[in-house]
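So the protein sequences, as listed, match chains A and Y.
This note's numbering applies: residue 1 is where the first sequence begins, and numbers increase by one.
This note's numbering applies: residue 1 is where the second sequence begins, and numbers increase by one.
Treat the hints with care, since some could be wrong.
Said to hold, decoys possible - Footprint (simulated), chain A over chain Y, 3 or more residues, beta carbon under 8 Å:
hint	region
1	243-254
2	261-273
3	314-320
What the hints assert, rightly or not - Some chain Y residues flagged as far from chain A (calculated, every beta-carbon gap over 12 Å):
hint	residue
4	I258
5	T294
6	Y303
Keep in mind that the hints were calculated from the coordinates and are not lab data.
For every residue, glycine included, the Cβ atom is placed at its ideal position computed from N, Cα and C.
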Amino acid sequence: MGLRSFSLRAFLKKNLDFIAGILGEVGLTAAIMAVAFAICVLLVLIKSVV
Amino acid sequence: MIPYLTKEDFKVIGFNLCRIGNVLGFLLLVPIIVAVIYKEFDIVPHFIIASAVTFILCNVGIHFLQTDKKMELKHALCLAAVAWIFCMPLAAIPLWSTGTTGSYLDANFDAMSGFTTTGLSLAQGVDHLPYSINFYRHFLQFVGGIGIIVVSLMILSKSEISSVLAFKGEARDMGIRPNIVRTSRIILGIALTFMVLGAVLFSVVAISEGANVGTSVFDGVNYSMAAFSTGGFAPHSQSILFYHSTLYEIVALVMFLIGSFNFTFHYAVLSGKRREIFKNIEIKTVFITLTLSTLVIAGLLLYFNVYSSASILFRKAFFQAASAHTTTGFGTINSAQIAGLWPSAVLFLMSIIMILGACANSTGGGIKAIRVGIIIKSFFREIKKALSPSSAVVTEKYHHIEDTPLTDTIARGAMLIALGYVILFVFGTTVTVLCGYNASNSMYETGSAVGNVGLSSGITSPAMPAPLKITYIFLMWAGRLEIIAVLVLIGFVILALRKGVRRR
């Protein structure tokens with residue numbers, strides 16, 4: 001009965017802030033890692049040129 | 001006038017300490033579930049005995065220390081400091097009795113390391129420990145991470161004074177909600193949400209890398225608890241390196257970076273205030289300091305030809321820097337490589353990063369990003385003042401959930417705590433050097449203990465001298481309590497002793 005009345009749309013709408021918040025925090029960690037990787041690539045490139 | 005602690009005050013502290021101990025008694029029974037699942041029936045009595053000892057001791061204490069006097073701030077501060085010391089020897093019982101550690105002192109070391117989410121360990125043969133014991137080690141970090149006192153208060157008390165205890169003792173100075181029960185539930189809810197997500201991700205990655213389902217799920221749960229708690233214990237002696245998987249390391253990075261964020265920040269972002277991600281002083285500070293650390297450490301390791309490719313630099317230099325900065329302690333290189341391969345300059349920088357620490361009101365340790373941010377802002381404010389005409393009024397503010405003016409009192413408080421950490425660091429390094437270890441390794445190890453990190457240069461081992469083990473237990477405890485609560489406790493004890501002497 002519980003599963004039949006379950007609506008994904010309603011669930012997402014109700015918990016939009018929560019889910020977006022989790023994705024936002026994961027995105028923040030991804031940004032931190034992307035910047036760090038870019039630094040590593042840049043340093044290796046500089047060393048290969050110098 | 002500084003308040004003395006009377007006999008009645010000691011009764012209030014002791015009474016509430018015993019009530020917290022009762023919670024520990026229940027928590028000591030949780031690993032029995034794992035022991036039964038994995039048919040480790042010979043381990044069950046160890047947890048039952050530890051739990052029974054805790055219950056008997058605490059209930060005898062409650063019987064003799066029964067009091068109607070309400071908790072006050074002075075009681076709360078002392079209780080926050082003493083609770084860790086009180087719980088440590090009780091939590092150490094199963095570690096010692098099962099032979100996980102070589103001695104009872106080593107078991108106390110691991111219990112304190114677990115509670116303070118440090119991750120330094122003296123456990124022997126981690127790869128061959130029973131499942132229930134391995135779970136117990138990580139469970140200690142989970143309990144310590146979200147605050148053993150918050151857990152206790154959620155069960156024991158509903159009074160408003162509880163919030164003082166939960167947030168002052170560990171400098172968790174900004175309650176999410178005024179009611180402690182609601183606050184505790186929110187903290188638990190946030191922590192459990194991320195931990196379940198982490199356990200699923202760790203398990204899926206391990207299975208996709210070819211590990212068997214049972215081990216993957218067990219490791220996933222343990223790594224998730226340790227990562228979100230920024231703890232650093234691992235079910236394998238090689239830590240996160242066991243899986244040799246970049247994806248596994250990335251999941252760990254995501255988990256411990258999120259674990260190092262402020263619970264108030266989590267609550268704001270998860271309830272719709274997503275702009276906080278871009279405005280919060282702590283997030284900005286962590287982003288800047290971690291980026292700069294990565295730049296310098298990766299640059300030095302490249303310069304000294306330790307590593308040569310970008311992907312290895314990311315997996316070794318950035319991972320270690322992030323693990324140190326968030327005070328987690330997971331490693332993708334072993335302690336022998338750190339001590340043997342990494343230049344002293346990098347070890348010194350890593351020691352500083354470890355002391356800077358994670359965000360306040362998080363599971364992490366160290367000075368905390370909000371204080372580092374405030375100190376940097378104060379520094380620039382002073383420069384601005386010096387450059388401005390004498391009649392000019394220079395004001396500065398910072399954003400943490402709301403805009404707050406940066407006053408001299410706030411700046412002084414941040415600097416005092418930072419100074420406390422520096423004193424602890426110097427003290428610990430001196431003791432380690434006196435025990436015969438070299439200076440750079442000593443700084444690294446001390447930074448790890450004071451900042452509740454868990455990375456090791458190899459000093460922490462069952463063979464280290466007993467006085468050094470005791471020193472590190474003290475450093476982990478004082479570092480977790482951010483020194484002030486420890487100083488308050490010492491102050492009260494000295495005052496009580498002096499009063500006792502005067503009476504005689």
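We went through each hint and held it up to the structure:
| no. | hint | verdict |
| --- | --- | --- |
| 1 | 243-254 | holds (count 3) |
| 2 | 261-273 | holds (count 6) |
| 3 | 314-320 | holds (count 3) |
| 4 | I258 | violated, 5 Å |
| 5 | T294 | violated, 5 Å |
| 6 | Y303 | violated, 8 Å |
Hint check: violations occur at hints 4, 5, 6; the rest are consistent with the structure.
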